[in-house]
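There are 2 protein chains.
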Amino acid sequence: MGHSSTNVRPTVADVEAMDRTDPLGHIRDAFALPPGVIYLDGNSLGPVTHAVLAAVEKTAREEWGRDLIKSYNDAGWWQLPVSVGEKIGRLIGAASGETVACDTTSANIFKLLHVALDLRPDRKVIVAEGQGFPTDLYIAEGVLSTRPGKELKLQGVDAPTIEALLDHTVAVVLVNQVDYRTGVRRDIASLTKQAHAVGALIIWDLCHSAGAMPVDLNAAGADFAVGCGYKYLNGGPGAPAFIFCASRHLPHVNQPLSGWWGHAKPFAFEPGYTPDPGIRRFLCGSQPVLSMRALDAALDVWRNVDIDAVRTKSEALTDLFIQRVEATCGSYGVTLATPRDAAVRGSQVSFAHPGGYPIMQNLIARGVIGDFRAPDRMRFGFAPLYVRFRDVFDAVEILRDILTRETWRDPQYQTRSEVT
Amino acid sequence: MGHSSTNVRPTVADVEAMDRTDPLGHIRDAFALPPGVIYLDGNSLGPVTHAVLAAVEKTAREEWGRDLIKSYNDAGWWQLPVSVGEKIGRLIGAASGETVACDTTSANIFKLLHVALDLRPDRKVIVAEGQGFPTDLYIAEGVLSTRPGKELKLQGVDAPTIEALLDHTVAVVLVNQVDYRTGVRRDIASLTKQAHAVGALIIWDLCHSAGAMPVDLNAAGADFAVGCGYKYLNGGPGAPAFIFCASRHLPHVNQPLSGWWGHAKPFAFEPGYTPDPGIRRFLCGSQPVLSMRALDAALDVWRNVDIDAVRTKSEALTDLFIQRVEATCGSYGVTLATPRDAAVRGSQVSFAHPGGYPIMQNLIARGVIGDFRAPDRMRFGFAPLYVRFRDVFDAVEILRDILTRETWRDPQYQTRSEVT
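Just so you know, the sequences run in chain order A and B. When we follow the numbering used here, the leftmost residue of the first sequence carries the number 1497, and every step to the right adds one. When we follow the numbering used here, the leftmost residue of the second sequence carries the number 1497, and every step to the right adds one.
Next comes chain A alone, as it looks inside the complex:
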């Protein structure tokens, strides 16, 4: 802020040099990105890879169309929740057999909150974030509706921090590693340790971190985690979500969505429920194979990717974006709404502006796709597998042009669409 809007480094030549030496630069070729688009919304919906397009077509035409019911065995459909879970597990610090892909983040939080309350029967409190992604709170409400005597305590309502809510009444803490709105990143190891110190369990919501940075659940001693398949994992719209359960808990957990895909012997068609001895016990009903196959193929892009390099590039991209926006747009009312310190930041940057909604619509019309979150946040996601430094540079130039010329005040950008 207050910097001159001209003569700010780096130059186009500088950012192009950064792209040329980027060790992840070649991975962008795996993605089928539309021409002329700078896609900064991979934290909302990751783009498709060429491998996914091929996998989806093969699944529809050959596995389903030609081989029909046989594909449950021969094409591994039945095992997809586990085989896809294994691929995700490698990105989040899970051991083999601790991760399964299934259902939705919301449904998986429902399962885990019940599990955690059952594991701490003498405790009554669920702790969560009052400003966390709302579905986490909605699901906690749903769980409490059938668990009389249990209660929800919220950071920002009942206490300023999660840590201040931790005591011996707490059964479980449900918390996001990266906040969807602000991009604030929590330290998994530290908060897990503090939860355990009071005897509480912890569920990590990795929706905005899995695939964007190293996550090491087992090194942190985490109990449970959930996350979604369609953001940084690029699994496609509404891709199945995932559950992580530490192996030490696995024999002791029984979740109430006990459908036949979680049964120990699903094709024995026994009338009584016996959970699978392993991670399959978190399954419920038939999983959507076309969507699961897309996620499965999308995860193959991570072969040979160094997740530490992903984080290094993520920090560089977000640093560059913050620096350029503040240098060139700072006098037009945009305010950083994300931590300046990369160590406590995810892979997204939010800027607040009273005209955030129409400005974002104007950006989208000019090919820079981010999104908007109420009340005034323009949110930009930087997925290191396909976002270039040049993209960051160009996006800021377009934002600056929109702000200086005030084109965002045009009526065409004011109309709110149903989904933003």
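Rather than coming from a laboratory, the hints here were simulated on the basis of the structure. Don't be surprised by glycine CBs; every beta carbon is placed ideally from N, CA and C. It is possible that part of the hints are untrue.
Stated by the list, open to error - Distance ranges between label pairs, derived from CB positions: (1) Gln1575/B with Ile1894/A: 29 to 39 Å; (2) Ser1686/A with Arg1557/B: 36 to 46 Å; (3) Val1840/A with Ser1743/B: 48 to 58 Å.
Keeping the supplied structure of chain A fixed, place chain B upon it in accordance with the hints.
Below, chain B without anything else, positioned relative to chain A:
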């Protein structure tokens, strides 16, 4: 049984004439069936249509790949659960706004059992079928695990019939219209009336009837229903399931899987849950768009299809199959395990045989695809949209050949696969 195995009518010429005059005969062309296969397993996984193949590729390449996040609005992704639900609703006698496509049959049963228990707070009993599809019972167990004081009573365990279990302690009856194993079909209107007479609610599981016969939920005064998208609706492997809720109940139901897709204003990101005023309140998390699009396109095959003609053909196909099997294979130990009276039968026929498993494997190896359900049932589904009378004739000839030559005793057919 006891008929001569030769000179049995109809002849090949007869069944070919039946196909030529079949008013549904032309619809088979909509399906991309593999050559050389007689597919009698559409009650387990319906085949793909050409329209579905095109829709899946368009969704992946254009809606996701090219238009990215914008497709939630512009391609109607956000509305798919409702728009697909409307298409299903027309096949099951629902009014507009009473059906939504989402999640899995298991998860949807979970929601509805909770809803029904809440609507009858002074009653404690769930009634279900001891031999029904197991996931219905597994889910009832899961529901009871968080509802102390409630209990499950089973037909076949606690009483011989559902009707005998109906009394003023019953909150809800969960029952299949067509039994997955025997093909026995219940009368929706009659049992609904009897349940209501004791003040109980009723949930109809339509997995083996929706798309196979006329279902008129509103004419029967039904309360709730669930069903799956991947059998007679041909939505593809693990296609989203559906929920029907009678409009009179809609304002009063609150289901515990209260995720953000069911919120009245999901993009306001409010911390408290307020359910959508309509059928969306049964949604939970993000729906799998690729799989939902496949179901969406599959349902278009029903345009201009007379569902009464579907039932007429279904009865003719199953009658022909039973008659031919008994006439030509009756002396080889096959026993009809489905009602002989078409009025109480679904669109499938089961025959019991001690060698049921290897016989079915032998059939599959010869291109006749049915399936096997423990302990001894060979199950054959007859989906009237694409199964021909000639297919029935040929399938029985192959079965007769397998039984007379005892080729099913070959060791290659004895090995049990993981999923049958």
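The hints, checked one at a time:
no.: 1; hint: Gln1575/B with Ile1894/A: 29 to 39 Å; in the structure: holds (31 Å)
no.: 2; hint: Ser1686/A with Arg1557/B: 36 to 46 Å; in the structure: holds (44 Å)
no.: 3; hint: Val1840/A with Ser1743/B: 48 to 58 Å; in the structure: holds (50 Å)
Violation of the numbered hints given earlier is absent; every hint is satisfied by the structure.
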